[in-house]
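Each chain, letter by letter, is given below.
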Amino acid sequence: MTGLPEDQRADERIRQWVETHGKALRGYLWAITGSHHDADELFQEVFHRAWRNRNQYTEQGRPLAYLLRIADRLAIDRSRKHSAQTMGEQPWRALEPRDDGEPPWEKLERQESARQLEVAMNELTEIQRRVLLLKYYGDLTFAEIAELIDCPLNTALSHARRGLQRLRSNLAPTQDST
Amino acid sequence: MKTHPSPTGSAPSDWFPGDPSDQFGQNEFAELDAAWLHWTELLDKAEGAAVPPPWRPPHRSHDAAIAGSRRENWRVFALRALSAAAATVLLAAGVSWSHRAAISNPLPASIAVNQQPSANRETTSGMDGGFEPPSLAARDAPLTPPVGSTSDAEDLTWDSTVDTRLNYVHHLLRTIDRKLEPDEVMLERASWAVYALALEAQQSGL
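Going down the list, the protein sequences come from chains A and B.
Going by this note's numbering, the residue at position 117 of the first sequence is 117; the numbering climbs one at a time, nothing skipped.
Going by this note's numbering, the residue at position 73 of the second sequence is 73; the numbering climbs one at a time, nothing skipped.
Everything labelled a hint here was simulated from the structure, so no lab data went into it.
Short, incomplete list of chain A residues facing chain B, as computed with Cβ under 7 Å:
| # | residue |
| --- | --- |
| 1 | G22 |
| 2 | D40 |
| 3 | A120 |
| 4 | R168 |
Quick list of in silico lysine to aspartate or glutamate cross-link-like pairs, DMTMM-like style, CA-CA up to 20 Å:
| # | chain 1 | residue 1 | chain 2 | residue 2 |
| --- | --- | --- | --- | --- |
| 5 | B | K45 | A | D40 |
| 6 | A | K81 | A | D40 |
| 7 | B | K45 | A | E19 |
| 8 | B | K45 | A | D38 |
| 9 | A | K107 | B | E47 |
| 10 | B | K45 | A | E112 |
| 11 | A | K23 | B | E47 |
| 12 | A | K23 | B | E41 |
For clarity, every value in this text was computed on a predicted model and none was experimentally measured.
Backbone N, C-alpha and C define an ideal beta-carbon position, used for all residues, glycine too.
All chains, please: the whole structure from these sequences, using the hints.
See below:
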């Protein structure tokens, strides 16, 4: 079959993406969904979609931006499907317990971090959260983020700035105490 | 070197919150940088990125299975649509119930046209002018896309069984409609309208 080498190349390319960008993508999905389980499921779906569209993909040198675009859409779709609320109004789910053998003081510390994160995330709007998480995990430029979330560059920057201002005000007491 | 956004204007696109070169800056954005750093500390990158689940491209057979299942659904849909159309014409033609029943139920794959149930072969009783099953020659005449049909029609993978069945229904319609003295063009149109419906069902993933 003539298409087979193409397919093999696509398989190889996607395997490489998993290796190179898997962690960043998984991190973004975890942060945007607040759940390891959802992140794992969406992670599979992102790569499955990339694989299904393997013949439509055109190399532009930024595969992570391409994967994050799929991930972002999937996460938002899922969030809207699962809840009538907008994502910005959803409570940030507390970090799930990962290890039962964790020492109690570390668990306490983690719980406190989770609480702070919950407060911080709850205060962000959906779009602010997306912009900041895309910046953090994807290390995308704001121009790329603007394109990904389909808004002008200045709007993306403004979301980032307002998001950080909210984080500052919510995290300020903790910062003062440290 | 990354630059700070202007406190009064819009930020330049290369501004990067948390950039080490910015965090001790003298303007208000230093606080934003601090917020960014604190937030990202909480948002443990390592935990979020913990052990991405393994991923392997689905096996080709999986793809084929999906395509196969869609094709199968499409077959069922096409057969039902055509059967319904045939049954409607039969009803209008006053064909006996036994014929209608034979056509309304999609034929099992094993039943080739030349092995039709005897009920289909019988001369219809109670039918004005009589009804004859399609001749083998009529059955074997290929269904060709109508003039001006799109490439979609050509892209369809025609299973020989489906082809046989569609031919059967098509020619059955033709035969039945002899009784109605149909307009040949109209008959063709009707057949292809059903075909288009089936195509649409296929494209929408039915």
